[in-house]
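Colleague: Please arrange chain B on chain E, whose structure you already have, making use of the hints.
There are 2 protein chains.
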Amino acid sequence: MIKSSALSPEELRNTLHWRYAVKKFDPTRKIPDPVWKALEESLVLSPSSLGLQPWKFFVVDAPALRAKLKPVSWNQSQITDAARLVVFAAKLEVGPAEIERLLNRIVELRKIPLESLAGYKAMMQGAVLKRSPESLQNWIARQAYIALGVFLTSAAALGVDACPMEGLDTAQYDHILGLPAKGYTALFAATAGYRAADDAYAELPKVRYDSSEVLAHL
Amino acid sequence: MIKSSALSPEELRNTLHWRYAVKKFDPTRKIPDPVWKALEESLVLSPSSLGLQPWKFFVVDAPALRAKLKPVSWNQSQITDAARLVVFAAKLEVGPAEIERLLNRIVELRKIPLESLAGYKAMMQGAVLKRSPESLQNWIARQAYIALGVFLTSAAALGVDACPMEGLDTAQYDHILGLPAKGYTALFAATAGYRAADDAYAELPKVRYDSSEVLAHL
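In the order they appear, the protein sequences are chains E and B.
Heads up: the first sequence begins at 1 in the numbering used here, then just goes up one per residue.
Heads up: the second sequence begins at 1 in the numbering used here, then just goes up one per residue.
Bound-form chain E, shown alone (with noise of 0.2 Å):
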């Protein structure tokens, strides 16, 4: 069986306080291969409601789409500098076809028979048909944010700097990146790559809310 590589408590506490929000990366330091290739698959990995996977990650190569993409991003230079940006965006269309896609792809990895799926199909059409458009489009979007969290833990755990970016223009994002058409809409992006000697962000102290304020026992 696979194992898990069980950090201790003191390795994943160092590990996410080490993490932060990158400001300025080294536009020079690549990411290795089987680094990406591994925070890749923590995004295909990544659970969602009934594992119905509503997304599609786009990460953008080319020089000149990130340039475009810049001056839409609050000109912040983390889109242009980082090794590597992924668009995390929504599925437009969420429907009975996508239940049946899924219902297919469980068949085919698990080889049971669709009929023993019935009461799962009857769940997924509870969960998903009953909501408004724009219900089901705020539930979309809620689930790229877990596979956004899965990516940002992972790349700590991988020693790789990364940064969350919300508050894009999307529009501006599917229209560069010409998504629509594909059938999906962007949601936001995280940058990833090696954070820059001179980021003065790295070195401030983390600000979060005491745990007594974030955190409860009942």
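Keep in mind that the hints are not guaranteed to be accurate.
Lysine to aspartate or glutamate pairs mimicking DMTMM-like chemistry, simulated, CA-CA at most 25 Å apart [claimed, not checked]: (1) K24/B - E166/B; (2) K111/B - E93/E; (3) K130/B - E134/E; (4) K206/E - E40/B; (5) K37/B - E115/E; (6) K23/B - E115/E; (7) K111/B - E115/E; (8) K206/B - E40/E; (9) K121/E - D199/B; (10) K121/E - D169/B; (11) K121/B - D199/E; (12) K182/E - E98/E; (13) K23/B - E100/E; (14) K24/B - E115/E; (15) K182/E - D169/B; (16) K121/B - D210/E; (17) K121/B - D169/E; (18) K111/E - D199/B; (19) K111/B - E41/B; (20) K206/B - E93/E; (21) K70/B - E115/B; (22) K121/E - E213/B; (23) K91/E - E213/B; (24) K130/B - D169/E; (25) K130/E - E98/E; (26) K23/E - E115/B.
Just some of the chain E residues that point at chain B, by a computed CB distance under 7 Å [to be verified]: (27) A38; (28) E41; (29) L168; (30) A181; (31) A216.
Calculated directly from the structure, the hints in this document are not laboratory data.
Beta carbons: idealized from backbone N, C-alpha and C, even for Gly.
Modeller: Chain B only, in chain E's frame:
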């Protein structure tokens, strides 16, 4: 400087494949305190847009409360059998006072003058105060899903099993746990502990779409 523990790509990959949504926990196994403390810290340290941390994590320890939550959670056994149950809740009021609270926390921890944060304050005001109440609550909820991704990945890295739990009767969660009176509303939950030896789901192939379907390079 604090260092990341730097897993190898293979170790990360094994960790993420080892992880799955546990259906049946071993009710006799508890999580050692230092391990659980690190997982609580992963929640506290989760990133959020603008650093707002518009959330609270309620760890439900009382068996009587967990017994009450089970019937409003589709009677799923994880609610009572897992070593730990965390309810992720959104802050109900995120407005000018919450922006001031964060600014004051930054001043306290980074020992800088409040005036130096004027630009950041304006950015937060733009991001928070211009939203409709519904848009604001949706945006807040999305942040909590980042914390879920961080928690699930951190648990896997520590060798702790977990199960994210959506589709709960969150109105009943609010009522049973008294969350609105505390200023919060339940979004979803996560259970953590150790898989039962006979959880059939542990050995089933993970169902994900081929990476070519959910990830693309542009």
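Colleague: Next step is simple, just say for each hint if it's right about the structure.
Modeller: These are the hints, each one checked on the structure:
1. K24/B - E166/B: holds, 16 Å
2. K111/B - E93/E: At roughly 48 Å apart (the allowed maximum being 25 Å), E93/E and K111/B break the hint.
3. K130/B - E134/E: holds, 19 Å
4. K206/E - E40/B: holds, 16 Å
5. K37/B - E115/E: This hinted pair is violated, its Cα atoms lying about 44 Å apart.
6. K23/B - E115/E: At roughly 21 Å apart (the allowed maximum being 25 Å), E115/E and K23/B satisfy the hint.
7. K111/B - E115/E: violated, 63 Å
8. K206/B - E40/E: Holds. K206/B to E40/E sits at ~16 Å (cutoff 25 Å).
9. K121/E - D199/B: holds, 22 Å
10. K121/E - D169/B: Judged against 25 Å, a Cα distance of about 20 Å means the pair holds.
11. K121/B - D199/E: Answer holds: K121/B to D199/E is near 21 Å, not above 25 Å.
12. K182/E - E98/E: holds, 15 Å
13. K23/B - E100/E: This hinted pair holds, its Cα atoms lying about 23 Å apart.
14. K24/B - E115/E: holds, 24 Å
15. K182/E - D169/B: violated, 35 Å
16. K121/B - D210/E: holds, 21 Å
17. K121/B - D169/E: holds, 20 Å
18. K111/E - D199/B: holds, 18 Å
19. K111/B - E41/B: holds, 23 Å
20. K206/B - E93/E: holds, 24 Å
21. K70/B - E115/B: Distance ~49 Å between K70/B and E115/B Cα, so the pair is violated.
22. K121/E - E213/B: Holds, because 22 Å separates the two Cα atoms, which is no more than 25 Å.
23. K91/E - E213/B: Holds - the C-alpha atoms of E213/B and K91/E are around 12 Å apart, at most 25 Å.
24. K130/B - D169/E: holds, 16 Å
25. K130/E - E98/E: holds, 15 Å
26. K23/E - E115/B: holds, 21 Å
27. A38: Holds, because the Cβ-Cβ distance from A38/E to chain B comes to roughly 4 Å (cut-off 7 Å).
28. E41: With Cβ-Cβ at 6 Å, under 7 Å, it holds.
29. L168: violated, 11 Å
30. A181: violated, 13 Å
31. A216: Hint holds; A216/E Cβ to chain B Cβ min 6 Å, cut 7 Å.
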